[in-house]
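Asker: So the sequence lines, in the order shown, correspond to chains A and B.
Our numbering applies: residue 1 is where the first sequence begins, and numbers increase by one.
Our numbering applies: residue 1 is where the second sequence begins, and numbers increase by one.
For the record, the hints were derived by calculation from the structure and aren't laboratory data.
Glycine included, every Cβ here is placed at the ideal spot set by N, Cα and C.
There is no bait here: all hints are sound.
For the chain A half of the interface with chain B, some residues (derived, Cβ under 10 Å), not all of them:
{"no.": "1", "residue": "186"}
{"no.": "2", "residue": "187"}
{"no.": "3", "residue": "189"}
{"no.": "4", "residue": "191"}
{"no.": "5", "residue": "194"}
{"no.": "6", "residue": "260"}
{"no.": "7", "residue": "261"}
{"no.": "8", "residue": "263"}
{"no.": "9", "residue": "266"}
{"no.": "10", "residue": "270"}
{"no.": "11", "residue": "272"}
{"no.": "12", "residue": "277"}
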Amino acid sequence: MTSLSYAAPTSVDDAVKLLAGSAGLAKVLSGGTDLLVQMRSGRLKPELIVDTKKIPGIIGIREENGAFIIGAGTPGAVVEAHAGLNAAWPGLVEALDLIGSTQVQGRCSLAGNLCNASPAADSVPALFAAGATAIIVGSKGRREVPVEQIPTGPGRTSLAKDEFILEFKLPVRPARSSDAYLRFIPRTEMDIAVVGCGISVTLDANGVCTAARVSLGAVAPTVLLVQEAADVLIGHTLDADTLAKLDAVAQAACKPITDKRGTIEYRTKIAGVLARRVAAIAFDRANGIKNGKAH
Amino acid sequence: MNYIDSSLKVVGTRPIRPDGVDKVTGRAVFAADTRASGMLWGKVLRSPHAHARIVSIDTTKAAALKGVFAVVSGVDFPEIASEEAFVGEGPMNFRDLSLNCMARDKVLYEGHALAAVAASTQAIADEALALIEVTYEVLPHVIDVEDAMAPGAPVLHADMFTSGVSPKPEKPSNIAKVVTFKKGDVEAGFKEADVIVEGSYTTQPVHQAYIEPHACLASYAPDGQVQIHTSTQGHFMVRAYTAKLLGISMSNIRVNPAEIGGGFGGKTLVYLEPVAVTLSRKSGRSVKMQMTREDVFRASGPTSGAAMTVKIGAKKDGTIVAAQQVLKFQAGAFPGSPIGPGCMCGFAMYDLPNVDVVGYDVVSNRPKVAAYRAPGAPITSFAVESLMDELAIKLGIDALTLREMNAAKNGTKTHYGPVHQNIGFTAVLDAVKSHPHWKSPLKEGHGRGLATGFWFNIGGESSAQVHVNEDGTVTAATGSPDIGGSRASIGMMVAEVLGVPATAVRTIVADTASIGFTFLTGGSRVTFATGMAATQAAEKVVEDLKRRAAQTWDIPVEAVEWKDGMAYPAGSNAGAFEPLDLAALALKAGRTGGPILAEVSVNAQGAGPGFGAHICDVSVDKETGHVKIERYTAIQDVGKAIHPSYVEGQIQGGAAQGIGWALSEEYIYNTKGQMENAGFLDYRVPVASDMPMIEAVLVEVPNPRHPFGARGVGEVPIIPPMAAIANAIRSATGLRMPDLPMSPPKIRAALDAAG
Chain A
1 MTSLSYAAPT SVDDAVKLLA GSAGLAKVLS GGTDLLVQMR SGRLKPELIV
51 DTKKIPGIIG IREENGAFII GAGTPGAVVE AHAGLNAAWP GLVEALDLIG
101 STQVQGRCSL AGNLCNASPA ADSVPALFAA GATAIIVGSK GRREVPVEQI
151 PTGPGRTSLA KDEFILEFKL PVRPARSSDA YLRFIPRTEM DIAVVGCGIS
201 VTLDANGVCT AARVSLGAVA PTVLLVQEAA DVLIGHTLDA DTLAKLDAVA
251 QAACKPITDK RGTIEYRTKI AGVLARRVAA IAFDRANGIK NGKAH
Chain B
1 MNYIDSSLKV VGTRPIRPDG VDKVTGRAVF AADTRASGML WGKVLRSPHA
51 HARIVSIDTT KAAALKGVFA VVSGVDFPEI ASEEAFVGEG PMNFRDLSLN
101 CMARDKVLYE GHALAAVAAS TQAIADEALA LIEVTYEVLP HVIDVEDAMA
151 PGAPVLHADM FTSGVSPKPE KPSNIAKVVT FKKGDVEAGF KEADVIVEGS
201 YTTQPVHQAY IEPHACLASY APDGQVQIHT STQGHFMVRA YTAKLLGISM
251 SNIRVNPAEI GGGFGGKTLV YLEPVAVTLS RKSGRSVKMQ MTREDVFRAS
301 GPTSGAAMTV KIGAKKDGTI VAAQQVLKFQ AGAFPGSPIG PGCMCGFAMY
351 DLPNVDVVGY DVVSNRPKVA AYRAPGAPIT SFAVESLMDE LAIKLGIDAL
401 TLREMNAAKN GTKTHYGPVH QNIGFTAVLD AVKSHPHWKS PLKEGHGRGL
451 ATGFWFNIGG ESSAQVHVNE DGTVTAATGS PDIGGSRASI GMMVAEVLGV
501 PATAVRTIVA DTASIGFTFL TGGSRVTFAT GMAATQAAEK VVEDLKRRAA
551 QTWDIPVEAV EWKDGMAYPA GSNAGAFEPL DLAALALKAG RTGGPILAEV
601 SVNAQGAGPG FGAHICDVSV DKETGHVKIE RYTAIQDVGK AIHPSYVEGQ
651 IQGGAAQGIG WALSEEYIYN TKGQMENAGF LDYRVPVASD MPMIEAVLVE
701 VPNPRHPFGA RGVGEVPIIP PMAAIANAIR SATGLRMPDL PMSPPKIRAA
751 LDAAG
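This is chain A alone, in the form it adopts within the complex (with noise of 0.2 Å):
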């Protein structure tokens, strides 16, 4: 019989020794609403689970100089309380959202959606568009790096085996500046994202964008970030021309795979469809409209 043992360290020090010290495979938990379920379908078969939910400040938002601090298990349900993130990061706070079921609102984090490495996860393309970092401990002490370079491949990421995720840091927002995400499932929820799309602007006074981040959920390995559908809104208003570049963009960027879930043909098709609507919405909550047409 295979054995499994489980941790909650109180600091993260313990916490790192204990990863860095197993023979076997090691977890980290969090909210553990993929890596139970991961467990519990045979697929993952750990020796040690290192739940980090008891290190002092891993769960709670805070703002440092204007800029928003989110720990790694903070549940969705605690950000989505939160009136400063709601105001400044929308589409952030919306992509977390959609994650699961009410329940699974209660437990699911930030830094589970992103190390999970699925190119699906919602909350990610929403994150890579906010510009965020994550600072990242282990035994060889803190690093700051962008949250775009943690995936590398469905089901890999960039930390070594005895490094987590303590918390998120989102950028600074200037004035008239706003974010939003949608994805495409063929139900309304409870459902994997065909194509996810998040997208954060910075306009001008008269409209027009003056930075952009645009990023695409399952339409590649991984979640992309899109330097390409960002150029051709900066500079610009939301006119019908940039729209279609926009569309066109989108869909070149696109690399996806035929499977249960979708075919190349239609993601390829809704990323573009999803980065016009969710460009839509961006803007508007950008220029201060809160019920738009795009809404």
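Start from chain A and add chain B according to the hints.
Answerer: Okay, now just chain B, sitting in the frame of chain A:
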């Protein structure tokens, strides 16, 4: 007695459901909740291959593992001869069922059981399964129904020669049988037609998706007595199949029906019970088995997928003169698709002079199909009602008017033989016409579809007992597992006859040793047939109570009247006595003849067929192909709604399952014939937020053959949705979607192709 025109006090009201508190508080005991001392866990080894010869099975290592008490495979089960079974719902062969529970020489689909273990824990059982060494010779496989019919297709059963064709084929094939139904002269009919429409349609197999996976607990005692607790639509069916498959006499098997978490037809055969009994016999311990959701998808039966062509010819005025249909139904690994009802139901709504229907029952390397709510009818009706919509468009006649013009009425002879009697299809169409939904203008961008459906409904053998307890309360026991509110409806009919409130009667489902034979719950038969038995049992109790009152008062029984739950002297001549209620009569039961009870067994005939019509409005996102149901109305002749809330629930549930069938549910196979979406994440049953409010409209044309006028109600509502939605999509987009599911990628592709 017949109560159809009586003023009713209980029947037709909406008392609180009797199983509600138990289910809401988690007290209800489902099969997976059952435990026994010393119980073992049984688990099944399933084939990873779609089609393979079993060269060898070596269970030595598994049997040697500590904690393993029994390992079984095909050799541990009796070899069963081919014999038609009339035990469950739909056609079945005992040999096929035996081989479906445990393969012998070949595995015929991914998920096919070929060995099982019983161990002290689930983890040890899993470990033991991994230690069973199987050598397979993988064979070519075939999944799709038309591929399976093609010359050169891999043949599943070397001894299967198509029946129903003459002369008998010389070579075996995957076509188990061909059935034909003819009325009039279809060729002559088409010659008379001014307009002919034709179409080809496909539907996907869909699973019943009951929320409770199959589970059972079995014990085989040293004296040969077998006890089974199981989740089933028919515990007498489980007893009969287990007895036959294992060579045990029925008197040695007692089956206890657990609370059931959904069946929809899928729990009308056995999968685990014979295996659990065999493991128990070998281990000497009780054995518990339960499927995972993956097992349910890979190894239990969905309903058939199908490929169909339909041709209809009509006069310019809309009179249909000829109708023709070819249906190819996928049966799964063993024969027995619902091809018969498929051939009968498609045109049963209409009065047609010339009809020709041919059906094929075809095996392929998929799980054996099982009954699913009106088996066959939703499939055939998707094709026929889609083409009726095309005919209406081509003729320039309103979809409802076309159906009204051709509607079956009392006296209409169907193409499969029987003459429709006491049917309410016209009343249903009248209700469509007068409904605000049908009359409302279409919103911009929306499309509207109409489709109808027919189901036979059945009666059959049922037993019921009514006991007056010592305190005057009442227990009603039947042999019908309750999958759709039958405890409520039966208790209400008994209460009505006894003249007591619904809450005074507690209805239970008695086990196989505690009540007379009762055919399984299926075919929408229980409120009709078991309700008839229970009504008659209650009437016998009333007669007995009147006799007891007469004896107490020392007057003739004719001078006693039963009213509002009490015995009264009938008129002043009978004498002046205080009325006796149930409690008073029960108190004196010992002095008036002993315990008060009656049991009635019937073979109920005259189940009234059911007709329904659904109206559906949709909007289509033309960029994503996503269909949103904006408004949905389901109208149905229910005969008499005993408990209207349950009836509305049946209609809403059937429509909801039909919506999933129409838009999102499908089996996805890889090139190896393995199912890729064996779970609720990717086998897309609609979720609550996908559902519109489904307005259920009850039309009540009483069935004179039932004491309260009831008809079966549970099956009709799954028949019209697929065509209603397809017709609404046609109305919204101009696209005819002939292939289910009408999923977003298909609709987007069709929109792109249309330009």
